[in-house]
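Can you make the complete structure from the sequences, with help from the hints?
Residue numbers (my numbering), protein chains in the order written: chain A, 1 to 187; chain B, 1 to 187.
By construction, these hints were calculated from the structure, which means they are not laboratory data.
Cβ atoms here follow ideal geometry from the backbone N, Cα and C, with glycine treated the same way.
No false leads were mixed into what you were given.
Taking beta-carbon pairs under 10 Å as the criterion, some of the chain A residues facing chain B (in silico):
(1) 22
(2) 29
(3) 31
(4) 35
(5) 43
(6) 45
(7) 47
(8) 161
(9) 165
Chain B is faced by these chain A residues, among others (derived, beta-carbon under 7 Å):
(10) 40
(11) 41
(12) 42
(13) 44
(14) 46
(15) 160
(16) 162
(17) 163
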Amino acid sequence: MRNPAVAGRTLYLRPLERGDSDSFQLWMNDQEVARNLLVHRPVTQDDQARFTESAIAGGDPTEAVFAIVRKKGDLLIGSTGLHAIDWRRRIAAFGIEIGRKEEWGKGYGTEATALVVAYAFRELNLNRVWLHVYEYNTRGIGAYERVGFRMEATLRQDCFCDGRYWDVHHMGILRAEWERAEKKKKP
Amino acid sequence: MRMPFLVGETIYLRPLESDDGPDAARWFRGAETEGRLAGGLPVSEEAARRLIETLTRDERQVGIAVARRADDRLVGVIRLYRLNPQRRSGGYRLALAPTSDLGRGGVDAITQEATRLVLAYAFETLNLNRIYLHGFASDRAARTRYEKVGFTEEGILRQEAFQDGRYEDVVVMGILREEWARRAPSR
Chain A
1 MRNPAVAGRT LYLRPLERGD SDSFQLWMND QEVARNLLVH RPVTQDDQAR FTESAIAGGD
61 PTEAVFAIVR KKGDLLIGST GLHAIDWRRR IAAFGIEIGR KEEWGKGYGT EATALVVAYA
121 FRELNLNRVW LHVYEYNTRG IGAYERVGFR MEATLRQDCF CDGRYWDVHH MGILRAEWER
181 AEKKKKP
Chain B
1 MRMPFLVGET IYLRPLESDD GPDAARWFRG AETEGRLAGG LPVSEEAARR LIETLTRDER
61 QVGIAVARRA DDRLVGVIRL YRLNPQRRSG GYRLALAPTS DLGRGGVDAI TQEATRLVLA
121 YAFETLNLNR IYLHGFASDR AARTRYEKVG FTEEGILRQE AFQDGRYEDV VVMGILREEW
181 ARRAPSR
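As structure tokens, then:
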């Protein structure tokens, strides 16, 4: 593991590095990946480098972005993090992307989500984490539910993709819920 | 394929990078009636790279490169420009590598395939309602090519362009989302 920030069973999270940029650029341009995200334009080397550089530079107290690395082979498979951190209300928005499609369906999204949620409550001392997921992203919805996110609202036709409007689900998890579930896991 | 964004059968679209700038500036100069990258003035390679950076960072434009699947070679450059989110309209411009490099059939095939990919992107992802283009009225072959992918001739702008010492008429062609949807009923 290189510079791990949060370690899990099969994955670890670490800060982004300059060398990650090419992989991220490839994934941000892959429409199967991008359709679940907020990216709708071609992403140039310059776009990606600026994003990566700002994540590396740090100093923005509202962002905590990590690379997701598979322990086996020390393989970069995606990115995740907390955005729009509001320190007064102690809430943050969650985001994730498993860019390496060969690694889909192996539970890595669920594991990474659980690691970030634990980090949000245990390290950052937040009270609530929320996310938006598009209705067609059933893999994402399943992962978030397994981690303990609850469906709180459905934003009707809030997303446009593949030539039509789709609903967006607003999901959230509270620190108290998460702590109760953690206690049950480890009696 | 290097950094594919949208994939066709013989070509693919990828992000327009600043290193594509010198080719882009040359090809637009040959093919354009309006909005040349620098209005006909000389463009150094460095200036061309900067122009591409400005273009790709501009929210009212999308720059896209067209590459051949067989050898990853850059064969064309696309600009969606004057994107108007209220009218949901935008201009489309495709500048191809010199015909001598592509062959006569290459021009037809690449124009049609690239245009189909861009229209699907413009209507199904960017959620636009109208795409228009300007071309030299004297270029009958180009008018036919764009009619084949669904554009309709809307009018002639008299003496709108100036090239080789004389004024030239410019043809305006457009395609509406409903027209495009009738032609491409898939999904």
